[in-house]
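Visitor: Single-letter residue listing:
Number of protein chains: 2
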Amino acid sequence: MELRLTSDEVVKIKEGEDIYTALKRAGIYLTASCGGKGACGKCRVRIIDGKTEIKSYGKLTHIERESNIVLACQTLPNGDLLIEIPKESRLVVGDKIAVARTKDLAGYLKSYGVGINPTVKRLPLNLPPATITDNISDLDRLRRALDEQGIKGMRFSHEFVAELADALRRADWNMELVYVEGQGIPAEAIFLTPLEGCNRRYGIAVDIGTTTVVVYLVNLVNGEVVDIGSTYNSQMRHGDDVITRIVHATEGGGLNELQEAVVKDINTIVDSLMERHDIKSCEVDAATVSGNTTMSHIFWGLDPGSIREEPYIPTLNFFPMWRGGTARLSINPQSPVYTVPCVASYVGGDIVAGVLATKMHRNPEVALFMDIGTNGEIAIGNNEWLMTAACSMGPCFEGSGIRCGMRATAGAIESVKIDTETCEPEISVIGGGLPMGICGSGMIDAISEMFLNGIIDRKGKFVKGKTGRIREGEEGAEFVFYKDERRRKDIVLTEADVENIIRAKAALYAGIKTLLAEVGFTMDAVEKVYIAGGFGNYINVEKAILLGMLPDIPKERFVFMGNTSITGAYLCLLSEELRKEAEDITSKMTYIELSVYRSFMDEYMSALFLPHTDMSQFPTAAGMIK
Amino acid sequence: MELRLTSDEVVKIKEGEDIYTALKRAGIYLTASCGGKGACGKCRVRIIDGKTEIKSYGKLTHIERESNIVLACQTLPNGDLLIEIPKESRLVVGDKIAVARTKDLAGYLKSYGVGINPTVKRLPLNLPPATITDNISDLDRLRRALDEQGIKGMRFSHEFVAELADALRRADWNMELVYVEGQGIPAEAIFLTPLEGCNRRYGIAVDIGTTTVVVYLVNLVNGEVVDIGSTYNSQMRHGDDVITRIVHATEGGGLNELQEAVVKDINTIVDSLMERHDIKSCEVDAATVSGNTTMSHIFWGLDPGSIREEPYIPTLNFFPMWRGGTARLSINPQSPVYTVPCVASYVGGDIVAGVLATKMHRNPEVALFMDIGTNGEIAIGNNEWLMTAACSMGPCFEGSGIRCGMRATAGAIESVKIDTETCEPEISVIGGGLPMGICGSGMIDAISEMFLNGIIDRKGKFVKGKTGRIREGEEGAEFVFYKDERRRKDIVLTEADVENIIRAKAALYAGIKTLLAEVGFTMDAVEKVYIAGGFGNYINVEKAILLGMLPDIPKERFVFMGNTSITGAYLCLLSEELRKEAEDITSKMTYIELSVYRSFMDEYMSALFLPHTDMSQFPTAAGMIK
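From first to last, the protein sequence lines are chains X and U.
So for the first sequence, numbering that gives the first Met the number 0 puts the first residue at 0; every next one is plus one.
So for the second sequence, numbering that gives the first Met the number 0 puts the first residue at 0; every next one is plus one.
Derived by calculation from the structure, the hints in this document are not laboratory data.
This one's a predicted model, so the numbers in the text were calculated from it and none came from an experiment.
Accuracy of the hints is not assured; some may be wrong.
[What the hints assert, rightly or not] Looking from chain U toward chain X, a few residues come up when the C-beta cut is under 10 Å (computed):
| # | residue |
| --- | --- |
| 1 | Thr51 |
| 2 | Thr130 |
| 3 | Ala161 |
C-beta: ideal position from N, C-alpha, C; glycine also.
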């Protein structure tokens, strides 16, 4: 039997096999923190055509059942099926699109001139067995061997000591000591492992975005990225942005729920990656996480309440190296977890990781860094100074809050061209299959093209009657980019979507202008603009300038970096020098609270037009419009 | 209504009140780890006379029920009652008999010339509240204040940080930081406490004996011992000595059970003491435990298996300062727990504590220390050298394995005189009430007197027909010291008891001789003999010499120290210098494994007589016998 997907993939399914298992065998992973037991209710798919046998509906609501939503792990086909996998259900594994522009990260790490030096170290030990004449305690025997290697004052946790007698004898006194040591932190033993067994060394780098979670599985010896996985952050059901999450955590008492949601997302990816590569959890003994300040707090189960209330105070910016078990990660519970340090309540470790990934903190030229994620943070500076601010863009460029929005994975419309004569759109889809939604770069293209072709006006309002592709939808006017007869779910941008995107780009542009003014620079003085974010692999710069999102400066100054949060997390996973640099960046960065600047609001109001109220700031765009 | 006890105490009991509650109100505490809910089955009492209403029998066996044993917390009187409290059921609280000879411990601490410096420290902090212009993170604010006090590099646990935001705001930025700092250990934050609330400072010193558990509640500011509690170690149901406990822990899989047993014993005492003095658990933020190596391992849940098997290796001797929560103590879970370091598998922290308590490690004169507990350990040396050995005496001097044996608490026969004419015994009972059993010092007296009066011979065999007090009991010949008509439970010493005690004294004496021979000293060279142990407040030295238990040297060289394990634990609780001294003692002490000395076995065989095969070693005793 065959399982056809609306994305045009075709998967063989065996008699008596459920949909979840068949998809997994074909390398199509669904999010399922319960591992396919019908308990978590996450592996939802929609049956479009064909007959099924449903073992259980689990947590599905009445409305979902009526819409032919089923749990893939609880559904068996009776013949061929056509199904749709909703974007939230898909765990993207092995998709290199999530990767930063620099595909060869191990090579990129080398370009920093630093060695590989993870948070965990391993020391082979061949101890003389205990005898009646050499009958010191097990721990003293270990300490004596460490002394001989010049390692002194190591700390031993109760968990470590509780396993010690057994571990030494099982390994016949011949094993590796796994321990942590780092800047200012006294060495601490983690566990002992026999030379045979769990002796390969992997780590995970995690980007905890407000909207998406990305995990790299990394070989700690050679720095190779073994595999990649990503998924939506399940916290999304409690709100799109950090503020609603904080409200849910504090007023709703949902802190534990939010922590569990994101940790399960990470664990689901990690478990899939370990299974794909036949790696044991004891072999994954280091982790680095990078996220905004709220995400970092929630990941560690820390109340983010004060972040939201004036004077906007996080509990901490520099996180001690706590353990995987404390975070409830499914890797080795004793493994150290390094959190990329945060700058302030609204500029987090993701931005520090981003600056680290651009190397702007090492160069004398003045550079601007912008991370267009759920929030939108910017940084400016060079090897002598750094300033930063947050712009409150909202999550639209990550596909959230936009009717047909999705993140930049297979099936996303990533670029759009509209024919000037016919007003018919020409789309390009990531992965080359059928379109399932539109991602950030597609939105930028789409709005610029609609504006250039007179489909929307300078305020983003639809020019009714301009083309038959404008229609009245449930939520007002919308433009149809792709008609999908089969799924009865066309891909459109609504007037509300356009408004949303204009507000987001206005916030970003106003933030850049305010920050530049604060440091006394003009746009021209910026020698490099590093653009990061999950909105797609690249942006068409001209169109982004036409939108008024990017400043109108020479095209060659723009550098696309992809997801710099994960790149920075990767760098910090492997290098002690770069962890130190991340901490230096954090200490050096001056945070500007934009909301206290009156000029920010003025700049924002002026930027709520396409491209801007003051056209003199956009000479190139003005030329294109003519 | 009245509750009369066989120990002659009388307690008023109210209508509808259970026995447990009535006794507690009168200051008579029963062990009950469940707090009197019928769940733990420990508060057993025997109803001798009177009618009762029994709510539940809980875990009592059929045999126990038939013997009129009830659970005190589940039993209400219907009129006056006469009850017996078995020794295992009684939690001894406030009884100064458990105290070391030096009643004024705070004064004794001063005699060391050290200051009061517990493992936990408190630092008052008055932080400037967060504002929009001083908006560093909570942890950075704390770090800044510590920096100003010159405290750098403090570690912050996840538990501490998780409470931080709330703790700072609840205390309105004005509080005390409780932290740990000590030799070689980097400072670590424990918790924050508002200036009002749990700001008194107490600690507990714990002696974990194989047979008994003693707890001192100590004021950490002035060193005063606030109160004292003790009970039998509930591990006893799994065997009398450390070897059977180890077998139960390893072969029986009972490690967790043994740990729980002793921790519950400690907690039951601590909870009673806190209740008596209206102290909150958050105010008890330091603990010190002293015990033999096996007890220390089991207390921390560490597998003691290797201690028993050649080459007799403990997991560790120097214990890191783990937390109260890790040990499951009912004090503040973050409080540091200091374990007095151990020397070897059979010489533990109790002996190190003992040497510390005698000050022999500070003086030039050669001294002998013996701790007559369940095992029997000895140490010899001075301020330059120290040697130690363990003698395998068994627990008889603590009252275990002896038919009517009990520890030295109220009701114990502590001395015996036998009339030369009539062979009638004259007894003296601790607390002055009716006798309930016989403690170590009573046994020494009894056997010496029986020997002097020809009731037993040099081998410890009863001379049948010598007196009507010798009778044939269930387990062979026995001598009746006290006829108890009421309880139908006379107090006797059996021939098996005498044999047991002779074996114990022989092991001790043989150990002393072997250790002296090893260091090339004669008995005469020993200038001081410090005697510690839970067998009573003093020993009649002449009678102990007559028994062949103590060497026949001038009486004035003997010093009775009482329970030195608890004294040492008390000293380590309060003084950093003395913790350091305890560690120096441990490092300096050379352990001798007696079982590998052929001469030890010879010495032991020679000592299995009263007082000894070689009477020339006991000239004074020889004189008395004549």
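Visitor: Evaluate each hint against the coordinates.
Guide: So, going through the hints one by one against the coordinates:
1. Thr51: violated (46 Å)
2. Thr130: At about 5 Å, which falls below the 10 Å cut-off, the nearest Cβ of chain X leaves the hint on Thr130 (chain U) intact, so it holds.
3. Ala161: Interface hint status for Ala161 (chain U): holds (6 Å vs cutoff 10 Å).
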